[in-house]
Amino acid sequence: MTDQNQQKNANSKVVRKLLLATVFMFGFGYALVPLYNIFCDITGLNGKTSDQAAEVKPADIDNNRWVTVEFIGSLNDNMPWKFRPAVSKMKVRPGEPSRVNYIAKNVSSNSIVGNAVPSVSPGQAAKYFTKTECFCFTQQELKSGEEKEMPVVFIVDKNIPKRINTVTLSYTFFNSPAATKEKSNVSMANK
Amino acid sequence: MSEDHHDHKPTGIGRWLFSTNHKDIGTMYLWFSFIMLFIGGGMAMIIRAELYQPGMQLVEPDFFNQMTTLHGLIMVFGVIMPAFVGFANWLVPMMIGAPDMALPRMNNMSFWILPFAFGTLISTLFMEGSAPNFGWTFYAPLSTTYGPASTDYFIFGVHLMGISSIMGSINVIVTILNMRAPGMTLMKMPIFVWTWLITAFLLIAVMPVLAGVVTMMLTDRNFGTSFFEASGGGDPVMFQHVFWFFGHPEVYIMILPSFGIISQIIPTFARKKLFGYSSMVYATASIAILSFIVWAHHMYTVGMPLAGELFFMLATMLIAVPTGVKVFNWTATMWKGSLTFETPMLFSVAFIILFTIGGFSGLMMSITPIDFQYHDTYFIVAHFHYVLVTGALFAIFAGAYYWLPKWTGNMYDETLGKVHFWISLVSVNVLFFPMHFLGLAGMPRRIPDYALQFTDFNQMASIGAFVFGGIQLLFLFIVIKCIRGGEKATDRVWEGAEGLEFEQLPSPAPFHSFTDAPQVK
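Residue numbers (my numbering), protein chains in the order written: chain A, 1 to 191; chain B, 1 to 521.
One thing to keep in mind: the hints can contain errors.
In silico DSS-like links for lysine-lysine, alpha-carbon gap of 27 Å or less [to be verified]:
1. K481/B - K272/B
2. K188/B - K17/A
3. K89/A - K148/A
4. K13/A - K9/B
5. K481/B - K521/B
6. K89/A - K105/A
7. K488/B - K8/A
8. K127/A - K105/A
9. K418/B - K521/B
10. K143/A - K82/A
11. K13/A - K91/A
12. K105/A - K162/A
13. K9/B - K418/B
14. K9/B - K8/A
15. K188/B - K8/A
Because the hints were derived from the structure by calculation, they are not lab data.
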């Protein structure tokens, strides 16, 4: 009988450890999400740029080279806006802050809130691409028929590898139905 | 050895519903997987029938997608995995000299969850809208933003399967660690027990990650989170990373126990000890560890940086080393042995050759630039069917023939077994080999229609599929015939068989075995 009890104790010890491992791995599955984002942030893989405005540092401009920055604006399928950059590309000096406007127009009959998600290509350039001002840092609301110029101020880091001559900055505007609903509820309440 | 109380078993349906006996539960797992084999196989027949000719013949494209999805899910989670758990239930206690599994009630629960899990999954076919139609890999956003309403049932089903597998593997680990007979050190355990121990650890490491990823899908779909939704700051590519972090170890979960089965069978019919026992153990462990660092080779084309692709390419190629050790060890075991070719041995030899073909096509695809051409074509379909059908499934057939006499006390019909083997061998190659060529020529997978030039190879594959599918009915007949009677098996069953289950237990193995632990020298 004592043998059996010993066996039971030994078993429940192992079971506890294994259950703990199971819970840990479930947590690890979720931890992969922030890990993935941190990994992409640090390495700049996946073309992810920071979603925070960068500090403006005293200008240290590399006057010996040009980098071409191309601009793309696109919309998710369920987004009834028009959206394009004012210029399709510009040449910048690494280290120098530059400004570009995107133009968005709401062509639907409703007021809509959108989110712009940026992406930089090639992926390796993302690390060297900082924005000091961007419409993508906050949600943007456009009333029906409203047109708006949305500025981006960006700096291409002067440490950007020599082999990268062209950087493409792309924004995709997504409809944010939850936010749109919230805003309209607020405005209803205000009336 | 055959005292009366050994064969005292409960009667009626209660014997099965409330069973805590490892042999009964093992039997139920095996039958469950057998039934699922015919359901998943039926879906494969629908797929091959539709692909017999270009153009749309039999089914709607959306239904075709549901078939590819459910076929994959059922074969992976409903056939291969439960079959191996069935083998583990039957054999692990007998091989290590334990009276039963360590946690018999949990064993019962982990089996009885399965019919509900698959009932839920299969019920989606009869729901309004459609069953899951996004492929067994359920990539976001196909399964989140664009998934049919029934996806939530699929998620629930996956949760249940996960719980069942985790309980099953906890049981296996506790049994192996705590219940070995005196004298059975870890390095004296049969290889099948070793491979299952390692598989169980893999399951515990990755099934929770699968549960996590489907939970993220569930909250994305219903509760407004955006793990995989770009508009909310999420990333659909991350779905693939998390999924394959589960998915790659999962493919080894499906193959390691078959390595174990083959390593038991080859020495028996070569009448020699297994060559390189300890290197087999280390090779299995290395494969398991490497499986955690190669997941992104499933997604070379998502746009990873060069450094990432190089890392995953080299890590993937590294797996060929321990796998090669195993193949060479099996070959060396047969070298100069007194070979006989009974059905289990035939399936095992076919396993070694055909699994190696599957391994080589895997090696081809591990090369990143080449994979860009093969990605999502029939080449990958050929690859994973070679490793899973002629690999895992053939090992299951081999194991079933090998231990059926021990389980039932009767020899199976050797002639019919050989017929089953030879027809399966020829038809499975007619079925899957042309798919390599189709893939190289650019035929995409999961598409119900194809360009005219692919017709010949598709017709070959379909004919092979119908024969291969049909001949499995013969296997069902052989198993039933063997259970109902036949030439009595000796206790040792096979001349060269070794291990506690053959040396110390009568055939059929009594309902309760090893109530007194045997001494292992």
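| field | Given pair status - K148/A, K89/A, alpha carbons within 27 Å | value | 20 Å, holds
| request: Measure nothing beyond the straight line between the CA atoms of K143/A and K82/A; if it is 27 Å or shorter, mark the hint as holding. | output: 13 Å, holds
| task | Would you check the hint for K89/A and K105/A, treating anything up to 27 Å between C-alpha atoms as holding? | result | 21 Å, holds
| request: Take the C-alpha atoms of K488/B and K8/A, compute the straight-line distance between them, and say whether it is at most 27 Å. | output: 38 Å, violated
| said: Between the alpha carbons of K418/B and K521/B, is the straight-line distance 27 Å or under? | reply: 37 Å, violated
| Hey, K188/B versus K17/A, does the alpha-carbon distance stay inside 27 Å? | 25 Å, holds
| message | Checking one constraint from the list: CA of K13/A to CA of K9/B, max 27 Å. Satisfied? | response | 31 Å, violated
| request: Verify the proposed pairing of K481/B with K272/B, using a straight-line Cα cut of 27 Å. | output: 31 Å, violated
| Pairwise hint evaluation, K418/B against K9/B, where the allowed Cα distance is 27 Å at most | 34 Å, violated
| field | Restraint check for K481/B with K521/B, where alpha carbons must lie at most 27 Å apart | value | 38 Å, violated
| said: Check whether the Cα positions of K127/A and K105/A lie no farther apart than 27 Å. | reply: Distance ~31 Å between K127/A and K105/A Cα, so the pair is violated.
| K9/B and K8/A: Cα distance at most 27 Å? | 24 Å, holds
In this structure, the earlier hints numbered 1, 4, 5, 7, 8, 9, 11, 12 and 13 are contradicted, and the remaining ones agree with it.
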